[in-house]
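Let the hints inform the model, and build the full structure from the sequences given.
These protein sequences, in sequence, are chains V, D and X.
Under my numbering, the residue at position 233 of the first sequence is numbered 233, and the numbers go up by one with no gaps.
Going from the second sequence to my numbering is simple: count from 1 and add 1000.
Going from the third sequence to my numbering is simple: count from 1 and add 2000.
Nothing false has been slipped in among the hints.
Here are the simulated EDC-like pairs of lysine to aspartate or glutamate, each with C-alpha atoms no more than 16 Å apart in a straight line:
#, chain 1, residue 1, chain 2, residue 2
1, X, K2193, V, E132
2, X, K2193, V, E135
3, V, K71, V, D179
Think of the hints as simulated: they come from the structure by calculation, not from any bench.
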Amino acid sequence: MTAISMQNDALMQVRHISKGFFGLTVLRDVTLDITEGLITGLIGPNGAGKSTLFNIVSGFLTPDEGDVVYKGESVASMSVAARSYAGIVRTFQTPQIFANMTVRENLVAGCHKLSSSSFLANLFGLPASRRELAEMHGVADDALRRFGLQGIADVRAGDLPAGQQRLLELSRAALAKPDLLCLDEPSSGLNAEETQQLRALLERLNAEGMTIFLVSHDMDLMAVSSTVSVLCFGEIIARGSFAAIKADPRVREAYLGA
Amino acid sequence: MTTTLFIQSLLAGVTNGCVYGLIGLGLSVIYRGSRVVNAMQGDFSLVAGIIAYLAMERLGAPILIAFLGGMVAGAIVGWIVELLFVRPTRKRGGTEESFLLVTLGGAFAVSAAALLFFGRDSHPVRGLGGNELLDVFDAAIRVHAVWLIVLSLAVVVALRFFYTRTFIGKSIMAASIDADGATTIGINVPLMRSLTFLLGGAVGGVAGVLVSPLITIHYEMGLLLTLKGFTAAIIGTLGNPFGAIVGGLMLGLVEALAIVFVSSGYKDVISMTFLILIMIAIPNGILGHRGRAGG
Amino acid sequence: MSLGQSQSLPAGSRMPRNLALIAAAAVFVAVWASVPLLASRGTVDLLVFTALYSIAGVGVAFLLGQCGIISLAQSVFYGIGAYATAYGTTALGWHWVPSLFAGMAVAGTVAFLIGWPILRLSGHFLALATLALATIGHVLFLEWDWITGGTLGVGGIARISLFGFVLNTPQRFYYFVWIVAGLVFWLYANLLKSRAGFAMRAMRDAPSAAMVLGVDVHRLKVQVFVMSAVVGSLAGSLFASYVTFVSVDSFGIDRAVSFLLVAVVGGAQTILGSVFGAAFITLAPNLLSKLGDIHALVYAGVLVLAVIFLPQGIGGFLRDRVRGLLNGSGRAGR
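Take a look at the structure:
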């Protein structure tokens, strides 16, 4: 294993995370840096613990040991929603869209953090609440154009094909300009052409300044990453540039299932 | 407080606990086999109690035959509920809530039908061994209550054997855990679900005929029995039949102590508070470890 | 008011549709205002109860439809409101207004204290917790007879008077209670088309995604639960002022179930669905009462059939029809 760098430009530092379920160890002493402004990749075969790590980073699970440091501070005690406010936003392996809402409404719901009116203000329909809703619609319309969703704006999200659901989920996540966008297998269920579009979109978001943490076992998509870590049976077995990782014999071994 | 009174209430607690345990057992059987929380479990018992009463008082049937009839009636109602309520709901893509709502509706239907055909009055049912009493350290327990405790434990043992040793028991579990997988290996999944309700209904029926001599039957008794059975099932981990009896005994003893130390008027308040606290504190029960509390 | 959820319409056809809506609203108001003048006292009385039950019921319906929470505890909050008005206006000699607000405050506080822990539960656990709550409430209403009068009840509750005008007939109360109901619907409609409304719908469809977008799911559920308790208490207070006598029989589990029935039969997805649901639970027993105790069986049968065959309730069914007509796309037939 290479030496762990603790540079100051790390937006998030995953430190010595361990997690087990019913005595079965899923993650063992995982340490990982996510560098600000870059795309950090994480690959690994099925069951390696990628999703568990993601759930720990986003706050859905509590680690048994270790800590997640974000912008220099531990997020251990923060809920999922609080982490979202701090700038950590994730997508899911199975796209979690709001099925009974239209695409536009999904994006309006995605503006939750951009607005702040209280429950009571909403209840009494105060002017501030109405103005804010209009603003949310404005942001959503803007996002429809930016992500090329105008054509399906009024389609019920649950009726969309899988690829478009994924694009919608990603657009909704990127809408509130997160500092750290965590993507869990964003290309699964996409065809080759859609994967290329996704790749271009990720590069664009990254160029706009978004730090991206990408989990995938799709090597084509992984090529957008600046650094790639390899997780295998709960441990980081290699890290380096995409080219180096691709050539690493240990990675090949892990993937071919020795 | 005298020792006798204390022992007396402990005995009552154990007896009631076995009843709650049996109701919880039926709930667990149905939940285990179909993932439906059956809000009419206590009403299976109501039907069984009524049938046993009618068989004895109107037909003059011997007590064992009447009890057997009650149990069969419970099983049949369980089976009908699966066919008429649960299956159509499942076909229309029912959610967790809709199963609960539909069985809740069934519970009110049974209660309303009992009111309609059986009236508002409470009816006493004869018990095993008549009204004879046994003496335990100066406290008295009805012979019927002893039978109730023994038979409850027998049902637990029999169910354990059924699930672990018999082909049908294993098939029911397979159909519940992985319906598609079970279908591919030739298990008739809809039949297994019907059997689950049949079995749950029969267990509810046993509970009904055993409890009726102790509390008299009343058309409104089903829902409270269901709630207490549910408490028992949750304490003992929902879906675990053995746990339900343990949970039932705990609930029964808590109630008995509440009557002694607080007041009988607050008995249901204390047991329902106990239910809520248990759900909050240990949602997975004393034997469980799967996550169930949602965010 | 639309039939509930806001729906964005194509801009071109907006004008004539608005005119049609205004005309329909005018006819509706005219019919509404003339009913007490034409209908019998008994009918008006039933319509008053329809309004009361739709106020308490819309709280339950909103919880079910927007948050996926089955609440069987509404009878408790309805009871708290009724006893607050009863105790306030008789034992304490208060005016009806502070009594009503005291009830709402108590109901809201109780809902908050109980809701905070139990709303972390999911699905049927939560439903059964609320049912347990209804049982506890019923027993306490019975046992705390120094407030509630137990089975004997409390009589001589002050009627509502507005600037010296006493609402002592069903006709007078009818106008008042329906205006209050309209206000409650208006509040819920506001909520539905606001930031909180979007957050709720998001939470209902995909809770984990809603959390990731910053929605504090638990807090939102508690807010809606408290809101539902407050309107339940409001309905209870109005009920007490209307009938001037309350007893524990009005706040049992069957009442909790009938409020849930308002939501299930009326349709939890639409706000005005509650009116249909409330009309059903008020009118059906009345029409069926000639048959005796069978009305309870019919009730239960309707609940079962509604869950199976009309999952969106009457309100949702009508909404789909109206949308079908407006869009002219023949989507009306299911």
